[in-house]
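Student: Can you make the complete structure from the sequences, with help from the hints?
Okay, so the sequence shown: first residue is 33 according to my numbering, each after it adds one.
Read the hints as simulated data drawn from the structure, not as lab findings.
Hints may contain errors.
[Unchecked claim] List time: in silico DSS-like cross-link candidates among lysine-lysine, alpha-carbon distance up to 27 Å:
| no. | residue 1 | residue 2 |
| --- | --- | --- |
| 1 | Lys302 | Lys279 |
| 2 | Lys88 | Lys187 |
| 3 | Lys187 | Lys235 |
| 4 | Lys187 | Lys115 |
| 5 | Lys291 | Lys101 |
| 6 | Lys279 | Lys235 |
| 7 | Lys235 | Lys274 |
| 8 | Lys187 | Lys168 |
| 9 | Lys101 | Lys243 |
| 10 | Lys279 | Lys291 |
| 11 | Lys130 | Lys88 |
| 12 | Lys115 | Lys88 |
| 13 | Lys274 | Lys187 |
| 14 | Lys154 | Lys130 |
| 15 | Lys88 | Lys274 |
| 16 | Lys154 | Lys84 |
| 17 | Lys274 | Lys101 |
| 18 | Lys302 | Lys243 |
| 19 | Lys84 | Lys302 |
| 20 | Lys154 | Lys115 |
| 21 | Lys130 | Lys187 |
| 22 | Lys274 | Lys84 |
| 23 | Lys84 | Lys243 |
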Amino acid sequence: MEGLSGVVLVTFLLLTAAVLIFFTFRKIKLPFAGNVLTFVKKYQVFPSRYQKILQKYSAYYNLLPDADKYRFERRVFQFIYSKQFIPRGFSNITDEMKVLISAAAIQLTFRLPQIYLAHFNKILVYPDTYYSTINKMYHVGEVNPRMGIIILSWKSFIDGYADLTDSYNVAIHEMAHALHFENRIRNSEFDFLDEESLYILEKIAATELPKLQRGEQHFFRSYAGTNEYEFFAVSLEYFFEKPQEFKTSLPLLYETLSKLLNQDPAELYKVS
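Tutor: Structure, rendered in structure tokens:
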């Protein structure tokens with residue numbers, strides 16, 4: 033009987049492993065197999081075609097030391113695996129779209145714990161500006177926390193990375209909104225941003241918003257004065273695209289964001 037029980041146990045384990053492998057390669061998530069799927073993803077090889085896309089288009093990735101590039105690749109791969117990329121207005125999502133959109137998100141979260149914006153499991157990509165039925169306006173990007181969706185215009189995404197010093201970057205802007213929401217949503221990634229830094233950021237925003245709203249000369253463009261959420265999103269555009277000037281113009285805010293994201297782009301660019 034003991035021998036028979038052993039055979040049954042081994043058979044059960046083999047069948048379970050086969051099912052998990054089948055669903056892993058079908059990219060269907062199983063709610064009970066999170067740890068196993070994480071293990072499988074961790075040891076999958078980062079596709080060389082993905083690496084070539086990063087090498088060709090991601091300035092942030094290319095500035096990283098080799099050891100950090102490897103970590104960045106793993107996180108990009110995890111992000112891609114965890115999202116459903118949905119085309120709107122064209123036939124399919126390319127590898128280039130998946131890799132670069134994922135890289136934009138990981139750029140913000142790279143020095144944080146394993147944060148993949150878990151609440152936002154769908155990314156919709158339009159070819160150009162699109163009409164939002166929610167607020168009856170045309171957009172280049174938006175974040176919908178109620179539905180767990182990040183929406184991007186691919187043309188605007190590309191335009192944002194065409195000039196890496198103009199502080200206009202729709203990908204960073206929308207990922208900043210998603211990051212802000214993710215920190216407050218009660219899930220496995222809840223409350224990961226430094227509370228003291230968030231408090232200081234709130235105080236700085238309360239001081240800077242009235243200046244922007246009055247039209248005073250400011251380092252940020254006027255849209256940052258819309259509200260505290262847009263202030264945060266715009267500030268991260270400047271943080272990554274004009275770090276040296278930002279550090280000089282608004283040193284306390286720059287230091288606060290640097291502590292919040294645990295990274296200093298000004299130093300990264302200086303090394304390069």
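Student: List in ascending order the numbers of the hints, as given earlier, that are violated by the structure.
Tutor: Failing hints, ascending: 3, 9, 18, 23.
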